[in-house]
Amino acid sequence: VTAPPTPDPPTGTAAAPTAESLLRQVSAFGLPGQPDRFCDEPPEEAVWSSLVGRCRGQRVPGLLLAAIDAGALPVTDEQRDQAQETHLGSMGSVLRLERRLLEVADVLEGAGLAMVTLKGSALAHLAYPDPSWRFFGDVDVLVRSDELAAALETLAAAFTALRQVPEVRAGYDRRFAKSITLRTADGLELDVHRNLVFGTFGFAIDLDELFATARTFEAGGRQVAALGPEAMLLHACYHAGLGDSTPRMNSVRDVAQLLLTGEHDPQRVLAMAERWGSLAVLQRGITLCRELLGIEVAGPLADATAAYRPSARETRAIDSYVGANRSHSAKMLASLPFIDGLGAKAAFVGASLLPSKGFLQQRRGLRAWLRKGWRSLRRRWQR
Amino acid sequence: MATDAPGDPERPAEGAANAARAVTWHRAPGAVWRRSSDRTLVLCPGHDEPLVLSGAGQAIWELLDEPIGEDDLLATLSDATDADPDQVAADVRAFLTRLADEGAAAHEGDGS
Numbered sequence: 001v002t003a004p005p006t007p008d009p010p011t012g013t014a015a016a017p018t019a020e021s022l023l024r025q026v027s028a029f030g031l032p033g034q035p036d037r038f039c040d041e042p043p044e045e046a047v048w049s050s051l052v053g054r055c056r057g058q059r060v061p062g063l064l065l066a067a068i069d070a071g072a073l074p075v076t077d078e079q080r081d082q083a084q085e086t087h088l089g090s091m092g093s094v095l096r097l098e099r100r101l102l103e104v105a106d107v108l109e110g111a112g113l114a115m116v117t118l119k120g121s122a123l124a125h126l127a128y129p130d131p132s133w134r135f136f137g138d139v140d141v142l143v144r145s146d147e148l149a150a151a152l153e154t155l156a157a158a159f160t161a162l163r164q165v166p167e168v169r170a171g172y173d174r175r176f177a178k179s180i181t182l183r184t185a186d187g188l189e190l191d192v193h194r195n196l197v198f199g200t201f202g203f204a205i206d207l208d209e210l211f212a213t214a215r216t217f218e219a220g221g222r223q224v225a226a227l228g229p230e231a232m233l234l235h236a237c238y239h240a241g242l243g244d245s246t247p248r249m250n251s252v253r254d255v256a257q258l259l260l261t262g263e264h265d266p267q268r269v270l271a272m273a274e275r276w277g278s279l280a281v282l283q284r285g286i287t288l289c290r291e292l293l294g295i296e297v298a299g300p301l302a303d304a305t306a307a308y309r310p311s312a313r314e315t316r317a318i319d320s321y322v323g324a325n326r327s328h329s330a331k332m333l334a335s336l337p338f339i340d341g342l343g344a345k346a347a348f349v350g351a352s353l354l355p356s357k358g359f360l361q362q363r364r365g366l367r368a369w370l371r372k373g374w375r376s377l378r379r380r381w382q383r
Numbered sequence: 001m002a003t004d005a006p007g008d009p010e011r012p013a014e015g016a017a018n019a020a021r022a023v024t025w026h027r028a029p030g031a032v033w034r035r036s037s038d039r040t041l042v043l044c045p046g047h048d049e050p051l052v053l054s055g056a057g058q059a060i061w062e063l064l065d066e067p068i069g070e071d072d073l074l075a076t077l078s079d080a081t082d083a084d085p086d087q088v089a090a091d092v093r094a095f096l097t098r099l100a101d102e103g104a105a106a107h108e109g110d111g112s
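Top line first, the protein sequences correspond to chains A and B. In terms of our numbering, the first sequence is residues 1 to 383. In terms of our numbering, the second sequence is residues 1 to 112.
Since the hints were made in silico from the structure, they are not lab data. Only a predicted model underlies this, so the values are computations on that prediction, with no experimental measurement involved. Check before you lean on any hint, since a few could be wrong.
Claimed, not checked - Stretch-level coverage of chain A by chain B, calculated; a stretch enters the list once three of its residues show a Cβ under 8 Å from a Cβ in chain B:
#1 77–88
#2 91–105
#3 219–225
Think of the CB as a built atom: it goes at the ideal place given N, C-alpha and C, for glycine as much as any other residue.
Next up, chain A with everything else stripped away, as it sits in the complex (with noise of 0.2 Å):
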């Protein structure tokens, strides 16, 4: 995929920038064919403030001060300290994060049990120039499915950690759980995976061949598996298009990222995206890049998602994440067209349904979590 340069490039210089604006520069920061300065001014206090704020929220400082630093944005040295002091701040807080996953690593090896990084190092050290111009908020790790359960424990031995929910009934975990977040003993939290969406596009990913295709990264003086290049931008494009209504901007910028300057082979993406039943996704991806980034995107993989058109289960399963009456009751319907088999679709509907004793204590109770299922499946049918 390449970025054909823009017609009319957006500098900024016109009009006094606005902190929208900024972000949007900001996030879009070092991508091919992105204007080499914003604007010709330091922002007013008001605008700089704000900047400062979202990039925080979105989780971009360190796009923030790359643009500062290239001169792209101009700043006053007060501003530039604010930047500099949010970026150390939460390259900190990345940094203890790379170490428990280094040590994560360490444990889950250890143990003989076989992990794949996802997002956070592995996205910084492997798509970024700088791996510092990636924050990231906690730990992601993928595990086999049969292996989940032993990760689980070794995980939570070395680390003193709590499961955050309970199993949602016996077996469930291991057939349809996305991730089981451990929180340890200092507070980190520890997403231990065992596929990279729930429901839905999840029951056509090949699990096995996450791992089939994993490569390494370096960080702390070893080796770390990641994901493959095309697997790596399949995950970023669920993730950023199936997160959250409106992504953050660095889940976009990942997308962003990977598409112009990824070592994927673009016919070994639509090949994989088109096992995996996940074209849509990847054409949600490019649609988050051209609108909230403000970017082109040309190539392969722009020109077969423009051309293709969702099915209607498909556009359910993407509505019931990021549509107006997203839910997980949402989600668990949308997922039964992608269930193969009567058997597996009971299996799904069962354990979901029916929960156990433990998670529903957890969940205040069988009425409440009945009333919020019905709730929410009424106000899909009422659509």
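Model the placement of chain B on the given structure of chain A, informed by the hints.
Just chain B now, with coordinates in the frame of chain A:
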């Protein structure tokens, strides 16, 4: 903790500054780091707060990207400054010793 420049006045360099020593320095296993403009943060094993390097300290950290002989390191840094080579050597050795004490760097060979 912040380390702005090689040569900690409270930690004088050990041994003769110009003694030739077959020592190879490298970043310590487990030390993770990020660049933040004119500073570098290094989180060392066993520490909760990162070491903050700047100036020549940041330059030395960059040179430790690959294992490097102490003599080569000193020669590279001496070439980059007009300062007295003996003083540079003493300051750099003191700084490397501090990095090793903090768990950020390690060396192989005769460091005595």
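Each hint, compared with the structure:
1. 77–88: Held - the region 77–88 of chain A has 3 residues with a Cβ nearer than 8 Å to chain B, which meets the minimum of three.
2. 91–105: holds (count 8)
3. 219–225: As far as the region 219–225 of chain A goes, the hint holds, because 4 residues have Cβ atoms under 8 Å from chain B.
The earlier numbered hints are all upheld by this structure, with none contradicted.
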